[in-house]
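**Q** These are the residues of each chain, in order.
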Amino acid sequence: MNSFIRNQFPILHQNVNGKPLIYFDNAATSQKPLAVINAIKDYYEHYNSNIHRGAHHLAQIATEKYEDARKTIAQHINASEQEINFVRGTTEAVNLVAISYGRKFIKEGDEIIVSEMEHHSNIVPWQMLCEEKGATLRVIPITDSGEIIFEEYLKLLSEKTKIVSIAYISNALGTIHPVKEVISEAHKVGAVVFIDGAQALPHKKIDVKELDCDFLGFSGHKVFAGTGIGILYGKEILLEAMNPYMGGGEMIKTVSFAGTTYNDLPYKFEAGTPHIEGGISLGAAFTYINELGLDNISVYEDELLEYGTSRFFEVEGLRLVGTAKEKASVISFLVDDIHPYDLGVLLNEQGIAIRTGHHCCQPLMDRLKIEGTCRASFAFYNTKEEIDATVSALKRAVKILS
Amino acid sequence: MQKSIAEIEDEIVEEFELFDEQMDKYEYIIDIGKKLPALDSKYQTDDFLVKGCQSKVWLHAYEKEGQLFFEADSNTAITKGIVALLVRVLSGQHPKEILNTSLIFIDKINLRAHLSSQRSNGLSSMIVKMKAYANVYV
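Which chain is which? The protein sequence lines are A and B, in order. Residue 1 is where the first sequence starts when you use my numbering, and the numbers rise one by one after that. Residue 403 is where the second sequence starts when you use my numbering, and the numbers rise one by one after that.
It should be emphasised that the hints constitute simulated quantities derived from the structure, not laboratory data. Be a bit skeptical, because a hint or two may be false.
Calculated lysine to aspartate or glutamate pairs in the EDC-like style (CA-CA distance at most 16 Å, straight line) [what the hints assert, rightly or not]:
id: 1; chain 1: B; residue 1: K510; chain 2: B; residue 2: E419
id: 2; chain 1: B; residue 1: K458; chain 2: A; residue 2: E371
id: 3; chain 1: A; residue 1: K399; chain 2: B; residue 2: D426
id: 4; chain 1: A; residue 1: K399; chain 2: B; residue 2: E429
Use the sequences and the hints to build the structure in full.
**A** Given below as structure tokens:
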């Protein structure tokens, strides 16, 4: 089973610094299966063309494939095609909502809630909006184990709350937040909820109707598609009410100096020639993971997490950062007072790719009173043997650094 | 008698030739870092910080009878070792010599190939900062 999967990821079959590559940086970006690579190749080899406007053969194929991808993505998260907006990634999705929704609907004195463990991309756009509008950013505190304190969240909610924005899964610690409960509580006070799904889509099946989130953003490159493409899902009624984010071609219906009318959803938010092969690659990625089955993927990843966690503890002085009950396949850790960077370099020297640093979560690091962590994040193409090799490599690195 | 930059570089290259494995080189670099005298905490401030991504490196320089002396520290073991190597080569040299050197030993011990891809280590920034100090006293 596993060699079958690994064979679909050509990049995994190489040596780094003389050792077989072990890629444990999946939370930063995932590797691409042949199905995705070939979809991109196929686009450029056979039907590269600008979409939507051309009457010619290639333009028609490109348009069809791009819109097919949108359909696949819509089906995957149980949305309608009008609700699927191609964007550059999660960061752009947050910014789009902060600007298009926020500028129109947020007023002085309003409040926006985020959690203490958000990625900078889910903090800064809201800070900018608050500054512009005289609104206030409120922060849900977290426990030492890396879980939001739900009672504190409830206390923050009021009729002033207009937006709640939270990650489904924390990129730094792997915590899976109780987003369904977060959403339903927010709705009780009339707030809309943005879910940062960047870390969730690769691991979990998400049904936007069941979750009842108002917005969901995610990045293609973390879910086995190409870089520079992502999705903003928004409830149709909200997207309709929002003003366009950028002006330009594609997003217009008619243009004149007397006034311009905007295109219908989803094109209203897609000014300019889009990232065509990116969108197609994202469709191919979802088709691929649906063939494998997200349930199978998450069962296997849970197994890796459990195995990895118990084996990592064999490294003397290792402590986990983030011990939430509900966790995705991310192990954030520190060893004694060794700086994560040193461990990262010495693991790299042994062919192992992990991430070290603050993981774009400086407020979280401040809360935990640490500078950063080492983070190993697993995908379904990783193996227990790779975990074994990493434990040995870690022991060697720790020995050198102690 | 102060050895020249080239002489010290040759020594370092010779020492590193003992190691076949890159991990052993790192171990040696880390050991060198451990032996670097501690930098007075008054110099461990932003004014003396070399900008890097993850590692913090503080560099202090002072001039004495035409020679420039460096003191440094870092919050990571590997970077501390690297800066210790630079201090070993450049501390006590004349500012003009410091400005003129191309620090060939870094390539010879195969350090740059392994570290330049990691912008976070700030190797080039350390060299730029040391040369900038030299420029003041030249």
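**Q** Look at each hint and say if it fits the structure.
**A** Quick rundown of the hints versus the structure:
no.: 1; hint: B:K510 x B:E419; result: holds (9 Å)
no.: 2; hint: B:K458 x A:E371; result: holds (11 Å)
no.: 3; hint: A:K399 x B:D426; result: holds (12 Å)
no.: 4; hint: A:K399 x B:E429; result: holds (10 Å)
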